[in-house]
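Engineer: With chain A's structure known, arrange chains B and C with the ligands on it following the hints.
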Amino acid sequence: MSTHTPRGPVLDTTVAPAAARIVEALRPELLLTQEHHMCPGCGEPLALRGFLDTLSEMGVAQRSIAVAGIGCYTSFSGTMDVDLVQALHGRAPSVATGVKRMKPDAVVFTLQGDGDMVNEGLQEVLHTAARGEQVTCILLNNGVFGETGGHMTATSVIGQRTKNSLDGRDAEYHGYPILIGDLVSRLEGAAYVARGSVHNAGAVARTKKMFRRAFETQVERRGFSFVEVLTMCPTGWFVPTADGPGYMNDTLGEVHIMGELKVDGVVRTTDELRIENEHRQHEIEAALARGGLDT
Amino acid sequence: MTATLPGRAERTLMEGSEALVRASIAAGCKFFAGYPMTPFTEVLEHFARLLPEAGGTCINAESELEAVGMAWGALATGERAATGSTGQGLSLMQESFSELTLAELPMVVFNMARGQQDYFQATRGGGHGDYRHIVLAPQDVREGVELVQLAFFLADKWRNPVLVYGDYLLAHTQEALTIETLQFPELPPKSWAVDGTKSGSGLSGSVTPLGVSKHGQPSFGQEGKAQYIATKTPLMEREVRVETGFLDDAETVIVTFGSPAKFVKYAIKQLRADGHRIGYVRPITLWPFPYDTVRDAAAGARRVGSFELSAGQMVDDVRIGVSGQAPVTFIGGVSTDHSGFGMGRMLDVDVIRDRILALHTDRELPVIPGYEEFTYALAPHQQEAAR
Amino acid sequence: MTTVSIRSRGTVTIDAGHCKGCELCIPACPPGVLAMSTEVNHMGYRYPQLYAGCTGCAACLYVCPDFVFEVFRFNQPVMSDVEVAE
Ligand code: SF4
Ligand code: SF4
Ligand code: SF4
Chain A
1 MSTHTPRGPV
11 LDTTVAPAAA
21 RIVEALRPEL
31 LLTQEHHMCP
41 GCGEPLALRG
51 FLDTLSEMGV
61 AQRSIAVAGI
71 GCYTSFSGTM
81 DVDLVQALHG
91 RAPSVATGVK
101 RMKPDAVVFT
111 LQGDGDMVNE
121 GLQEVLHTAA
131 RGEQVTCILL
141 NNGVFGETGG
151 HMTATSVIGQ
161 RTKNSLDGRD
171 AEYHGYPILI
181 GDLVSRLEGA
191 AYVARGSVHN
201 AGAVARTKKM
211 FRRAFETQVE
221 RRGFSFVEVL
231 TMCPTGWFVP
241 TADGPGYMND
251 TLGEVHIMGE
261 LKVDGVVRTT
271 DELRIENEHR
281 QHEIEAALAR
291 GGLDT
Chain B
296 MTATLPGRAE
306 RTLMEGSEAL
316 VRASIAAGCK
326 FFAGYPMTPF
336 TEVLEHFARL
346 LPEAGGTCIN
356 AESELEAVGM
366 AWGALATGER
376 AATGSTGQGL
386 SLMQESFSEL
396 TLAELPMVVF
406 NMARGQQDYF
416 QATRGGGHGD
426 YRHIVLAPQD
436 VREGVELVQL
446 AFFLADKWRN
456 PVLVYGDYLL
466 AHTQEALTIE
476 TLQFPELPPK
486 SWAVDGTKSG
496 SGLSGSVTPL
506 GVSKHGQPSF
516 GQEGKAQYIA
526 TKTPLMEREV
536 RVETGFLDDA
546 ETVIVTFGSP
556 AKFVKYAIKQ
566 LRADGHRIGY
576 VRPITLWPFP
586 YDTVRDAAAG
596 ARRVGSFELS
606 AGQMVDDVRI
616 GVSGQAPVTF
626 IGGVSTDHSG
636 FGMGRMLDVD
646 VIRDRILALH
656 TDRELPVIPG
666 YEEFTYALAP
676 HQQEAAR
Chain C
683 MTTVSIRSRG
693 TVTIDAGHCK
703 GCELCIPACP
713 PGVLAMSTEV
723 NHMGYRYPQL
733 YAGCTGCAAC
743 LYVCPDFVFE
753 VFRFNQPVMS
763 DVEVAE
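Protein chains in written order, with this note's numbering: chain A, 1 to 295; chain B, 296 to 682; chain C, 683 to 768.
If you are wondering where the hints come from, they were derived from the structure by calculation, not from laboratory data.
Glycine included, C-beta positions come from ideal geometry on N, C-alpha and C.
Take every hint as true, because none was put in to throw you off.
Distance ranges between label pairs, derived from CB positions:
{"no.": "1", "chain 1": "B", "residue 1": "R536", "chain 2": "A", "residue 2": "R222", "range": "48 to 56 Å"}
{"no.": "2", "chain 1": "A", "residue 1": "T269", "chain 2": "B", "residue 2": "H467", "range": "50 to 58 Å"}
{"no.": "3", "chain 1": "A", "residue 1": "R221", "chain 2": "B", "residue 2": "V644", "range": "56 to 64 Å"}
{"no.": "4", "chain 1": "B", "residue 1": "F479", "chain 2": "A", "residue 2": "Y173", "range": "58 to 66 Å"}
{"no.": "5", "chain 1": "B", "residue 1": "P664", "chain 2": "A", "residue 2": "G189", "range": "49 to 57 Å"}
{"no.": "6", "chain 1": "A", "residue 1": "R221", "chain 2": "C", "residue 2": "V766", "range": "56 to 64 Å"}
{"no.": "7", "chain 1": "B", "residue 1": "Y671", "chain 2": "A", "residue 2": "R221", "range": "53 to 61 Å"}
{"no.": "8", "chain 1": "B", "residue 1": "G635", "chain 2": "A", "residue 2": "G132", "range": "31 to 39 Å"}
{"no.": "9", "chain 1": "B", "residue 1": "S386", "chain 2": "A", "residue 2": "D170", "range": "29 to 37 Å"}
{"no.": "10", "chain 1": "A", "residue 1": "E57", "chain 2": "B", "residue 2": "Q389", "range": "40 to 48 Å"}
{"no.": "11", "chain 1": "A", "residue 1": "R268", "chain 2": "B", "residue 2": "P480", "range": "56 to 64 Å"}
{"no.": "12", "chain 1": "B", "residue 1": "H633", "chain 2": "A", "residue 2": "Q123", "range": "28 to 36 Å"}
Isolated chain A, as found in the complex (with noise of 0.2 Å):
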């Protein structure tokens, strides 16, 4: 975003300044240690600030429960200050509806990545969304098997190179992309379906907002909801981390496009997104020049 070069001597940002109130705090209030131990310039920390602030700030946080599949951000397991039930790889809508069935006043919400969700247990997701299921379904979308070292997933784009496509995602070969978000968007259950992303600053507050709407979705009991969230993974991607953001935006979010995919049980078209999206980025990137996005 930005073209300036900073000037002068280096401020003083050890302390907290006087006559100044908070914007934002440190860290979520419902994560126990500020620590993790993602990559460098991974995504998945953004979606995960993004669910847990909204959590925080609905005011359900203390009868949230998440259930997380196997990936990288199952790491967060153990630091979110949510009550949580770990699940097998893939099987994390399943054990969402036991929970919710036996909780129906619980905030219940899935931890999946691609590979949990879309390779390994893509039937969970499809069934639970088509039952109307009153949870709401989290993907960190990166298109990559970033925990076992940059492995092609379901929801790899075409000329993706990974461990197992060094030259790239071939269709004919490797098949083509899944695009989940499309997919559980046309089933009847599914009342709201959102694909965020975290490449930038306006991005990031977007994806927080849909979040916002799938929960309340589900506190409203209107049926099933989805966020998924594309993330970067330099690691799994084999970029500079600089150069994440970028190189998502042009790979998989030509692919997964970004945007409110269904809303109150409506499905919105494909160039209906990329109109929105661009309207909506510069206005938040204008929001973010004046001073932030409360301007």
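Structural biologist: Just chains B and C with the ligands, lined up with the frame of chain A:
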């Protein structure tokens, strides 16, 4: 399906599946998820009908994988929950069974097996890692009603899955009975369960097979968790349950379990009446297996036979128990009906009596009438190798 | 050298010890008042440093995977005179 017998208002005629389901509800089961498969299907049907009436939930899961996952979630909230299938369906659930044990979730699993060929699956498990499930094998519906309630208790007591091993006969035999709620010793509250109320308090909890805990709470780690489970498992061996009969002067001891045990016991009673000194051991828990009972029974005997409707699975445990004190012969066999669902021709008192007597009198085991048709020819190179 | 007056409407605290040096915050800052250090922290990573002109917009915080920033807005903007090369 349910009819009250005249003059005996407290007893109702019901098929085994319904009795097992009513026993589950009596035990406080609040959740069931399953996928239809013969001969387990009726268990699912009765749960679907009866559980909602009792304030619970039964989900017709889209697959066995999902059924066990749903029950997993329900258990994690501290409620009693179960799933089930035939051995075939349970094969699909094995990954979960392994990990449920590490997550210490008290799942009750029904296997309405096609025959007794799931003994290994039940007692050794098809999943990965070091784990054991307590396996209860009722001989009839009446005992099933008790053992199902015991299963829910033992699962909670040990925080370990418990499997109820039944079959076509158990699931479909109609009996007139009363489902009495059994009383068990009080267990501590499930402080390990999660319900969302501790979220955001700094003391949130987790239910996990991974050996990790919330930040700041003591954590086993993967290895520590596996070692802890390995320490708990031998303690569960104390739950061994067994029935014996006519062992005092027995020259021949037959080991048998489940529905066929009732036939075996009847055949032995007939043989006893003819003066044959034959006794039996009936493991009620397949795991833990009553090795000590089998060892003691074999001490004074000349021979031991294992009768089971399989190609010979429990016979391995019988050999371990006998420990070479007497020769052990497998006198059962594969026996299903043509569909593969039912119990087959070997489940016949006359057939069983002939086999026991053959063993007892050191004769060759008789051929099962009608099973000659199953004699397939080996390929020449296999015959060569078998020579 | 000339002196220019730069207005800061906000500021941030930077928990440099937790920074993993990914540099996502640098291009995210609209007025461009963040730049990476030449020093490294105890993990061996360079970390961002703040210069005059922060607006308190929080964009850096939104994109930082390691929760390094805390963002503040001054009650009254702070003016700093800085010497810049011509
Ligand atoms: S491998 Fe990828 S997804 Fe996993 S922590 Fe590293 S950057 Fe994140
Ligand atoms: S708050 Fe905004 S202006 Fe200040 S350092 Fe962060 S991104 Fe830059
Ligand atoms: S985004 Fe965060 S972790 Fe990355 S360089 Fe900036 S402060 Fe460090």
